[in-house]
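Peer 1: Take a look at the letters that make up each chain.
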Amino acid sequence: MVWVNAIIQGILIGGLYALFAAGLSLIFGIMRLVNIAHGDLIVVAAFIGLVVTSMLDLHPLASLIVVIPIMALLGYALQYCLLNQTMGNDILPPLLVTFGLSVILQNGLLEAFSADPQKLNAGVLETASLSMGSLNIGVLPLLMFIVALAVIAGLQWIFYYTALGRAFRATSDNAEIAQLMGLNKKHIFSMAMALSLAVVAIAGIFLGTRTSFDPAAGPARLIFGFEAVIIGGLGNLWGTLIGGIILGVAQGIGAQINPGWQQLAGHIAFLLVLAVRPTGLFPRVSH
Amino acid sequence: MNTVVTRNSGSSNAFLIVVAITLIVLATAPVWAGRSDLRFLSEVFLYLGLAYLWNLLAGYAGLVSVGQQAYVGFGGYLLFALAMNTGITPLALLPLVAIAGMLIAVPVAALIFRLHGAYFAIGTWVVAEVFRLSAAQMTSLGGGSGTSLPVSVVKSIASSRSGRESLSYWAALLILILIICLVFLFLRSRTGLAMTAIRDNELAAESLGINIWRTKFMVYVLTAGLTATLGALIFMQKLRISPDAAFNVNDWTAFVIFIVVIGGIGTLEGPIIGTLLYFLLRETMADLGTTYLMILGATAIAIMLFAPKGIWGFVNSRWGIELFPMTRRVVGNREQTTEHH
Chain A
1 MVWVNAIIQG ILIGGLYALF AAGLSLIFGI MRLVNIAHGD LIVVAAFIGL
51 VVTSMLDLHP LASLIVVIPI MALLGYALQY CLLNQTMGND ILPPLLVTFG
101 LSVILQNGLL EAFSADPQKL NAGVLETASL SMGSLNIGVL PLLMFIVALA
151 VIAGLQWIFY YTALGRAFRA TSDNAEIAQL MGLNKKHIFS MAMALSLAVV
201 AIAGIFLGTR TSFDPAAGPA RLIFGFEAVI IGGLGNLWGT LIGGIILGVA
251 QGIGAQINPG WQQLAGHIAF LLVLAVRPTG LFPRVSH
Chain B
1 MNTVVTRNSG SSNAFLIVVA ITLIVLATAP VWAGRSDLRF LSEVFLYLGL
51 AYLWNLLAGY AGLVSVGQQA YVGFGGYLLF ALAMNTGITP LALLPLVAIA
101 GMLIAVPVAA LIFRLHGAYF AIGTWVVAEV FRLSAAQMTS LGGGSGTSLP
151 VSVVKSIASS RSGRESLSYW AALLILILII CLVFLFLRSR TGLAMTAIRD
201 NELAAESLGI NIWRTKFMVY VLTAGLTATL GALIFMQKLR ISPDAAFNVN
251 DWTAFVIFIV VIGGIGTLEG PIIGTLLYFL LRETMADLGT TYLMILGATA
301 IAIMLFAPKG IWGFVNSRWG IELFPMTRRV VGNREQTTEH H
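Protein chains in written order, with the working numbering: chain A, 1 to 287; chain B, 1 to 341.
None of these hints come from the bench; they were simulated from the model. Since the structure is predicted, the reported quantities are computational estimates derived from the model, not experimental observations. All the pointers check out, no bait thrown in.
Computed Cβ-Cβ distance ranges for the label pairs, DEER-style: (1) A:Arg32 <-> B:Phe184: 31 to 41 angstroms; (2) B:Phe184 <-> A:Leu272: 36 to 46 angstroms; (3) B:Ser36 <-> A:Gly154: 54 to 64 angstroms; (4) A:Leu180 <-> B:Phe40: 52 to 62 angstroms; (5) B:Ile99 <-> A:Gly260: 21 to 31 angstroms; (6) B:Ile212 <-> A:Leu180: 28 to 38 angstroms; (7) A:Leu149 <-> B:Ile99: 44 to 54 angstroms.
Don't be surprised by glycine CBs; every beta carbon is placed ideally from N, CA and C.
Just chain A, same shape as in the assembly (with noise of 0.2 angstroms):
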């Protein structure tokens, strides 16, 4: 029974890690980015919204409200004005700014809130847990996962039925003709850098109400977000959950064996697929 209860925990964590996934998956997808800051940007999104709860006497759910704009317009100020000047073929400029940033970021964060690991506290339903037999399964967790899969479903319904998406799609497809059709390539990375970092928002506030976090935890949630892009395959968000999904069982299944094991056996299930399917498990067909 405890081999079952640590799978289906490993699966409702999967969800956090997809949500980790989607920001880097998507602008990746879009400008070929990939954000080495991705991970502290999780970190300060926890963190503003430790600031929003305490100062406005929030439940941390709700505070999403405030934290997901801030991020958001955080994302589109950060592209337009820093990122946007590296996009080019060299892919060193983007990486480096971004490393940088990362360092910039975690410093920052240690200056202003010191080392101490902090938590958000979401009261009850932290604790509140529906029981199925002999199975407990914890409200928040349960909810985290219903989450990732909207913010899922949500991303893909904007990248395939709304104007944004179209446009997303366009300039990914080909940023030159997209601009000559009318598109503002900058505007459009903006927007993209924005919409990631609002499912960061997400993402942060999630990890806050559930483990401690501190200045710097943000580069393992980097390399969770990055494993199951990469277990699930480039460019396709529906795999990046099931990557999530596999990731979460791994270090499930490594934490009951041993809990030193935990996140060592993430990174093995990671090397494996990349051994065996290099392409991951299920790759957006390329064209």
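Dock chain B against chain A, hints included.
Peer 2: Frame of chain A; chain B shown alone:
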């Protein structure tokens, strides 16, 4: 008509003399320098070595790794394990560490070379994490809290403390010279040329018959072995190792990246300028703590945006100075003027 093509220039010839004098001064440092100066200089050498290797990977081979701490830590841990279990003096183990570093890099490369560009970068980071988590599981080496070199091993380096410090200083200087010479000769070789061609245009290079995978693989494996050797020396000097210190992404990768980017990525002079500047900044601003790191990060971003070839790239394009004779240039046509007029 005899055209004279040379790689030497006035500045590179002058540089050779400066290098010779500097080497004599540095080699005799244990005689004239104090204990803390020796430690400081060793640290500069080891960082310069890391910077050269990362520059070779990212600046020339286009393999942007943010996981070189994997090999620094691997080298350190292997040296500790071998010295504690065999009783052989650590300095004699260095060649073994280099070979082991290259061997472990072979399966790693086979796996992460499936990723490209920025995803390759994060893949190297995952590997470094796997190394760190595995080291934390080894209870014989202290697990998560790490271990110190036993006194008997420390004494086997040299019986006196000053003897030990001189020896590890010379070892650091020697490995640095070895790395610079290897990188320099490698870049001037056929493979080096192939590598630069790949970096500049992979498709064009491949269509000229260059085996991209093999060339990159060779560079990655060679760099890993030398990085492991540097790691072994770094922790031999510290006398203590722990997973968090050995596989630290800030210490062994972030700083090294900043050094190379600020000095000039893809140049042989850049790492020297970057290392000098880095230590100058560190000695003057280290009290600022986190602010110092933020300034370093911001400087690297500014350089990447406004002068992507770093300080040395700027100097080179402005005045055409080159300290390492790399670029071929035509210096004149011999006898041309007398023959035709």
